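Visitor: Sequence:
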Amino acid sequence: MKITTWNVNSLTARLQHVLDWLAANPVDVLCLQELKLTDDKFPLEAIAAAGYPHCGVFGQKTYNGVAMLSRAPLRDVVKNITGFADEHSRVIAATVDSPGGEVRIVNGYFVNGQEPGSEKFAYKMRWLGGLNAYLCEEAKKHARLVLLGDFNITPEDRDSFDPVGLKDTIHHTVEEREHFRKLLQIGLCDTFRLFEQPEKSYSWWDYRMLGYQKNRGLRIDHILVSERMRGEVKACTIDRAPRKWEKPSDHAPVTLEI
DNA sequence: ATGACGCATCGAATGCGA
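In terms of this note's numbering, the first sequence opens at residue 161 and continues consecutively.
It should be emphasised that the hints constitute simulated quantities derived from the structure, not laboratory data. Remember, predicted model here, so these are calculated numbers, not experimental data. Treat each hint with caution, since some may be false.
[Stated by the list, open to error] Result set (EDC-like, lysine to aspartate or glutamate): computed pairs, CA atoms no more than 20 Å apart in a straight line:
no.: 1; residue 1: K342; residue 2: E297
no.: 2; residue 1: K239; residue 2: D200
no.: 3; residue 1: K394; residue 2: D188
no.: 4; residue 1: K407; residue 2: D180
no.: 5; residue 1: K327; residue 2: D366
Could you put together the complete structure from these sequences and hints?
Guide: Encoded structure:
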């Protein structure tokens, strides 16, 4: 079974890329972030025609918005973080059957935070606190749990192209990394690091200043799995191919194979 | 230090991303 996370930076602008990518990579579940559209504008028909008739959609105008596209039915779809009031559409969770039994998938578009010390950064910290409490409860209910999405956090220095120059800046602060570590303490593990990976592996590159061409990137899109699933993980890979296409998303898709 | 690129917004200049 394959599950993918991809921040598409507007599904309106990226629908053809999504369809092209799915045609070449027929994964079981595709989790999207930054739809930047309302539910009524979600291209259900085109996505169903591509083989994904089961969609959980939590859209929002202009910003944010997440969705889960699945070949198999989704059960118990829950939007946002239970117990944390949020104006933004940032999280969607659902249960799907897999060969190893059912899996609970939580798909998140984590808060960016803009700048340490800002009001947006304070919101990021509150949001991460809410997410952690929510996942503690989800972990109790679901032995097989996947948390994936755009975390907007580099877990370690090796996940950034310039950990020295960018020290303590957004995505690199001690506070953000502490929150990431607290997710691991629930029993989740960063599946990308279960395997040998190329040096300087990133999932996002700035549009500006030839970021991709110079591989000036960050690894901020992650797939974590619960303790129970750790032994099932066959691979976790970043697909850089669509980042080379015309008018790409600035993020690459990341795929878990179990 | 700033801006660079891209996307969205009732239509142009601005907010936001990371």
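Visitor: For each hint, tell me whether it holds in the structure or not.
Guide: Right, here's what the structure says about each hint:
In summary, the hint linking K342 to E297 is supported, as the alpha carbons are separated by about 14 Å, within the 20 Å threshold. Between K239 and D200 the alpha-carbon distance is near 16 Å, which keeps this suggested pair within the 20 Å criterion. Straight-line distance between C-alpha atoms of K394 and D188 comes to about 15 Å, which keeps the hinted pair within the 20 Å bound. Restraint check for K407 and D180: satisfied, since their Cα atoms lie roughly 13 Å apart, inside the 20 Å limit.
Between K327 and D366 the alpha-carbon distance is near 17 Å, which keeps this suggested pair within the 20 Å criterion.
In this structure, none of the earlier numbered hints is contradicted; all agree with it.
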